[in-house]
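Use these hints to put chain H onto chain G, whose structure you have.
There are 2 protein chains.
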Amino acid sequence: MRILIKRAAVIARPEEGLIPAADVVVEGRHFAGVLAPGEASGEFDKIIDGEGKLLAPGFVNAHTHLAMTLFRGFAEDLALQDWLEKKIWPAERKLTGEVVYWFALLGLVEMIRTGTTAFADMYFFMEEVGQAVEEAGLRALLSYGIIAPNPERIEPELKRAEGFAREWNGAADGRVRAALSPHAPYTCGPEVWREAVSVAKELRIPIHTHVSETKREVMEHRERYGKTPVQWLEELGVFAVPVLAAHCVWVDEKDIDILAAHNVSVVHCPSSNLKLASGIAPTWAMLQGGVSVAIGTDGAASNNTLDMVREMRLAAILAKAKAEDPRAMPAPEALKSATQRGAQALGWGKDLGVIEEGYVADCVLFDLGTVHFLPGHDPLADLVYTASGADVEMVMVGGEILMEGRELQTLDEEKIVARCRELTRKFR
Amino acid sequence: MRILIKRAAVIARPEEGLIPAADVVVEGRHFAGVLAPGEASGEFDKIIDGEGKLLAPGFVNAHTHLAMTLFRGFAEDLALQDWLEKKIWPAERKLTGEVVYWFALLGLVEMIRTGTTAFADMYFFMEEVGQAVEEAGLRALLSYGIIAPNPERIEPELKRAEGFAREWNGAADGRVRAALSPHAPYTCGPEVWREAVSVAKELRIPIHTHVSETKREVMEHRERYGKTPVQWLEELGVFAVPVLAAHCVWVDEKDIDILAAHNVSVVHCPSSNLKLASGIAPTWAMLQGGVSVAIGTDGAASNNTLDMVREMRLAAILAKAKAEDPRAMPAPEALKSATQRGAQALGWGKDLGVIEEGYVADCVLFDLGTVHFLPGHDPLADLVYTASGADVEMVMVGGEILMEGRELQTLDEEKIVARCRELTRKFR
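Protein sequences appear in the order of chains G and H.
Numbering of the first sequence is given in the working numbering, commencing with residue 18 and proceeding in unit increments.
Numbering of the second sequence is given in the working numbering, commencing with residue 18 and proceeding in unit increments.
Excised from the complex, chain G in its bound form (with noise of 0.2 angstroms):
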């Protein structure tokens, strides 16, 4: 399959700007150039018309709960602890398989719709969860999240862990990795730590965990052990391998030295921070220290969407508030944590998240037509302080077309928000 992009305005890397029109040739799953327009030549099975459009990377939703779009509106407005313990876990314990798939689906078309291209999921019935991504044809880092608060579920939670990542990673055609998950420092003890970091070493895969996301669990960490989650974690090993470590809202300059050291990848989740009250992460000292922040939209129940492009925005402005400085996180930096930094924390840093030959082909392509992209001084800042997650209109994974024109190509929209809604009324 060869596919033209034409005439598209493009962001290939965002440290470089924007090329104001340039001719996209794809080739099976890889960029194949990025050429002056009317430059491509050969046939093409296919032509994408990119005029007044503008193409960036795919978006990487580096940390997310995807089947959580259940519970999206489920619990409002709630002290944490009456959150996750009077709503959210009693919830969960009624789920079942069927209903994580249906809302696993619901959730890609959601991030399709938004200009997502690859994620990474940490949540409970993954073998669902990867048949979902299957069908949906999108990439991602799956994960069982393993919590053992008492020994006895040591054993059997990291079973069942390790069971899905052998039976996982590399499935969908490579479209599917597999991660290691022990849910936070606060829910696992060091044997836990300790025997994922061995299977994950094992499986050369990453650990994709919750790092010092409230002040209150750092605090009772340091009570408990006399040091951060972030320098426990370091004294136990766990950073030998790759490790996602979402949140770090609450770290010290010791901790983003060691996040730096051990080339550990922050997930910075804006949203959900602001609105469970966490506080601010301090995103702009990190990249400044050399840590890698990639961005994600944590699950639909704390968030309330999937929309990267919503959280990108609030992640560039979220920033300069916390640096006290409105120079931190500029459009560029802010667009690379969205996409690149993000395709770096799953894993494929060196295959994609930018448009160039010989990367990987997942890209998105917005309609510059609603009027919130005049006068157009700037389309990269527009991108990320204007554009909203309805802006996009094509998304492509591997060279693989999943939405053009705003129609979906690979899931039935229709039939799963039938099941959605059916399954809803059972849950009540």
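One or more hints might be untrue.
Identical chains blur together in the list; that is why a pair holds if it fits in one copy or across any two.
Pairs of lysine-lysine, DSS-like flavour, derived with a Cα cap of 30 angstroms [said to hold, decoys possible]:
#1 432 x 23
#2 443 x 23
#3 218 x 104
#4 103 x 232
#5 23 x 244
#6 367 x 23
#7 104 x 443
#8 443 x 218
#9 23 x 232
#10 111 x 23
#11 111 x 443
#12 104 x 432
#13 176 x 271
#14 443 x 103
#15 232 x 432
#16 104 x 271
Note that these hints are calculated values from the structure, not bench results.
Coordinates of chain H only, in the frame set by chain G:
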């Protein structure tokens, strides 16, 4: 004209939650009833199908600089002083009435498309803005921004502001009202403020200004006058007239008491405050302290949109982080600030902001067809935390339909876009 909006889910008053299905009758400029489905009787000139849709009061953007759509993306990621002194102010010197007129129209298209029915605008060439508002059909509180750093500017500036107010207050069939706008305590001295108050009293119009936006501004004011801008304005007698105080990021407890005691409407502009690194306003503390807090986008140069749906969501989640309490600014309060409290700020508090018999018919209809509205456990929370401006499909102001089925009814979008493109080329 008699219009029926049939079987829509309705939020009549945010604090009363959702009416799952109702028939809403509009007669002339007013709502004539919110009835059980099927109960509306008589002849209708028009029936709007509300099935699968959500009707809410129109959004009120209580602080913006409309024609700054011209400067969207023009000066990004700069320090505040560079932003103003090197980019925005020099560019504003090149403005003409023609440019302001067309970019005001562009902003009006954007506002209609994202559900705004009324707004407060302070800028220059306000006659042209008034003309644009008259054509668009929105409701607006308009004012010329007085900047008088040296004594000889005082009289001509005041004259201009007063002239505009006398001419335009009550124009466009009452849809346009005027305010007086000394720009801020740091750009206008006591003489300007006293004169503005006297004119405002005579014309019975409000004062719309910027208050305590940055830390530096408040520090300098303290150094110069020995008190905060809020305390200083109170002593000058400014709060004897209704006041819209934009920003109020840096207010202390005493300031909050003063604002509450004088019924000042604070206008929270979260995107702009984050993007310019001004800080985070204590909105929940103000609401708890009895201050009416409305929401505004500020100008498109520092937002970079005029989308109140986006701004409402940010106001809701940011308030929780600022208050360190996820229960702060629950969804109904955020919606109220984006609608009713905005109407009150603009001086229309008794006439609009709710959907109820006798109130002026300003309302918006959201299409719930986008997947992010599933599963729909709490449509009011979905509206605040999930919805996008792109979900708005019908907008009505005073019984007049400004957009239906996402088609603009009063403005020629194509012509406006073409003119703005032309003017942008010239401006560069």
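Verification of the hints:
Proximity of residue 432 to residue 23 under the C-alpha cut-off of 30 angstroms is restricted to the inter-copy arrangement: shortest distance 26 angstroms between copies versus 33 angstroms within a copy. Proximity of residue 443 to residue 23 under the C-alpha cut-off of 30 angstroms is restricted to the inter-copy arrangement: shortest distance 28 angstroms between copies versus 47 angstroms within a copy. In this assembly of identical chains, the alpha carbons of residue 218 and residue 104 never lie at most 30 angstroms apart, being 36 angstroms within a copy and 53 angstroms across copies at closest. When the C-alpha separation of residue 103 and residue 232 is checked against a cutoff of 30 angstroms, the pair qualifies only within one copy, where the shortest distance is 21 angstroms, while the shortest distance between copies is 41 angstroms.
Taking identical chains as interchangeable, the C-alpha atoms of residue 23 and residue 244 are never at most 30 angstroms apart, the minima being 55 angstroms within one chain and 61 angstroms between chains. Taking the closest pair of Cα atoms, residue 367 and residue 23 come within 30 angstroms of each other only inside a single copy of the chain (26 angstroms); across copies the shortest separation is 55 angstroms, beyond that limit. Taking the shortest alpha-carbon separations for residue 104 and residue 443, only the intra-copy value of 17 angstroms comes in at or below 30 angstroms, while the best inter-copy value is 58 angstroms. Within a single copy, residue 443 and residue 218 get their C-alpha atoms no closer than 42 angstroms, and across copies no closer than 61 angstroms, so neither meets the 30 angstroms cut-off.
Proximity of residue 23 to residue 232 under the C-alpha cut-off of 30 angstroms is found in neither arrangement, the shortest distances being 50 angstroms within a copy and 49 angstroms between copies. With identical chains, the CA atoms of residue 111 and residue 23 are never at most 30 angstroms apart, being 49 angstroms at best within one copy and 37 angstroms at best between copies. With identical chains, the CA atoms of residue 111 and residue 443 are at most 30 angstroms apart within one copy only, with a shortest distance of 11 angstroms there and 62 angstroms across copies. With identical chains, the CA atoms of residue 104 and residue 432 are at most 30 angstroms apart within one copy only, with a shortest distance of 28 angstroms there and 52 angstroms across copies.
In the homo-oligomer, the alpha carbons of residue 176 and residue 271 never lie at most 30 angstroms apart, since the shortest distance is 34 angstroms inside one protomer and 59 angstroms across protomers. Taking CA atoms no more than 30 angstroms apart as the test, residue 443 paired with residue 103 passes inside one copy only; the shortest distance there is 20 angstroms, against 60 angstroms between copies. In this assembly of identical chains, the alpha carbons of residue 232 and residue 432 never lie at most 30 angstroms apart, being 43 angstroms within a copy and 53 angstroms across copies at closest. Within a single copy, residue 104 and residue 271 get their C-alpha atoms no closer than 36 angstroms, and across copies no closer than 39 angstroms, so neither meets the 30 angstroms cut-off.
Of the numbered hints given earlier, the model fails hints 3, 5, 8, 9, 10, 13, 15 and 16; all others are met.
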